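Here the protein sequences line up with chains A and B, keeping their order. Counting in this note's numbering, the first sequence runs from 1 upward without gaps. Counting in this note's numbering, the second sequence runs from 1 upward without gaps.
Derived from the structure by calculation, the hints contain no laboratory data. Hints are not guaranteed to be accurate.
Note that the list lumps identical chains together, so a pair holds whenever it fits in one copy or between two copies.
30 Å max Cα-Cα, derived DSS-like pairs, lysine-lysine [what the hints assert, rightly or not]:
{"no.": "1", "residue 1": "Lys201", "residue 2": "Lys107"}
{"no.": "2", "residue 1": "Lys23", "residue 2": "Lys107"}
{"no.": "3", "residue 1": "Lys18", "residue 2": "Lys201"}
{"no.": "4", "residue 1": "Lys201", "residue 2": "Lys103"}
{"no.": "5", "residue 1": "Lys201", "residue 2": "Lys119"}
{"no.": "6", "residue 1": "Lys201", "residue 2": "Lys17"}
{"no.": "7", "residue 1": "Lys23", "residue 2": "Lys119"}
{"no.": "8", "residue 1": "Lys119", "residue 2": "Lys107"}
{"no.": "9", "residue 1": "Lys23", "residue 2": "Lys201"}
Computed from a predicted model, the values in this text were never measured in an experiment.
Number of protein chains: 2
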Amino acid sequence: MSLVPGMPLVLGTTNVKKCRELKPVFEPLGFSLQALADFESPLEVEETGTTFMENARLKACQQAQHLGCWTIGEDSGLCVEALDGAPGIYSARYSGPGATDAKNNEKLLDALRNVPLHKRTAYYVSTIALSAPDGTVHIEASGRCYGRIIEDYRGEGGFGYDPLFEIPEYHQTFAELGMTVKSVLSHRGRALRRFMASFAKTLAH
Amino acid sequence: MSLVPGMPLVLGTTNVKKCRELKPVFEPLGFSLQALADFESPLEVEETGTTFMENARLKACQQAQHLGCWTIGEDSGLCVEALDGAPGIYSARYSGPGATDAKNNEKLLDALRNVPLHKRTAYYVSTIALSAPDGTVHIEASGRCYGRIIEDYRGEGGFGYDPLFEIPEYHQTFAELGMTVKSVLSHRGRALRRFMASFAKTLAH
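Looking at chain A on its own, in the form it has when it is part of the complex (with noise of 0.2 Å):
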């Protein structure tokens, strides 16, 4: 089955920052990127797998099949590598059930207490799947953006450990860096770049 401009396309996450940013690069393609919030009852997908792609692959593919319409699901998240990958996988709910952005950054900062500021190198990982209504795995893509966590928070913008991570060749955190060097140097952008060009290659006929 093939993906054809005008067909629905979801964007399986209930983040509403992520589907207002993909939203208008979708439109003039062609596709009216629908959130999860726009149908009456989505699946909540259990991310039961074992590294960013596959809960990628998850989102995507179990939404599909439940909702019908061709999907993208993304997983994102930070590693540091003082913490052996942590919180990786777990970076949404770091600090456990009810975890929020400012408990999840806070538990980071303890874990990372003794480790001095050249020891505490990290990246950000974005990954995104695309998949047909019949759950199978069109296009796959990721991206990753290294920097180090600070010890104190810096800058009012973005969201999860943005405050915390900064960019040493910036002197900036991603919480301070603009929406246009962001999306030049993030693991998002970068991994946006490599699905776009999957993706407009499939609509090019």
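Position chain B relative to chain A; hints supplied.
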């Protein structure tokens, strides 16, 4: 010379609507799209080409060299078969000096006054070219959309010949169709999908 996210990217048009539509397509990919209006002294490119693509290339290359930036040029228009392809590359200036959408549309209706509906087939063309700062063309893409010129105006949306250009299958003109359907069917949607396939591919490293 290669195009890298973060470099300035210019849309070589004075058409504000086109720029507003395309800005959010390129931003999450790491490009802040600049309109000609953002520059102090952009070039006024003379459209001396004999085809749409030649004009798109002229607008891209000459402006790119003038501004020293990667630049996208676009040219589009309407070809009516009963008029041997007119207004064609003269679509925007069909009614002569001081041409407006209203005057152009009136002239078109006049030219087709004695042509019955079934002989008023027409197509829109959109061509897009990307030039490097040195004037080398790196990407070319084009798209067509077939319809017919009706005998009276219908609809409030769009611009140019849209209120006269009907898609028979939809019983609606381009000025009546919603943005999503229009992006699916339109010459610009088709050209853009082809353009993005090449554009995103050059960035997917």
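For a quick check of understanding: which of the numbered hints are violated here, in increasing order? 1, 2, 4, 5, 7
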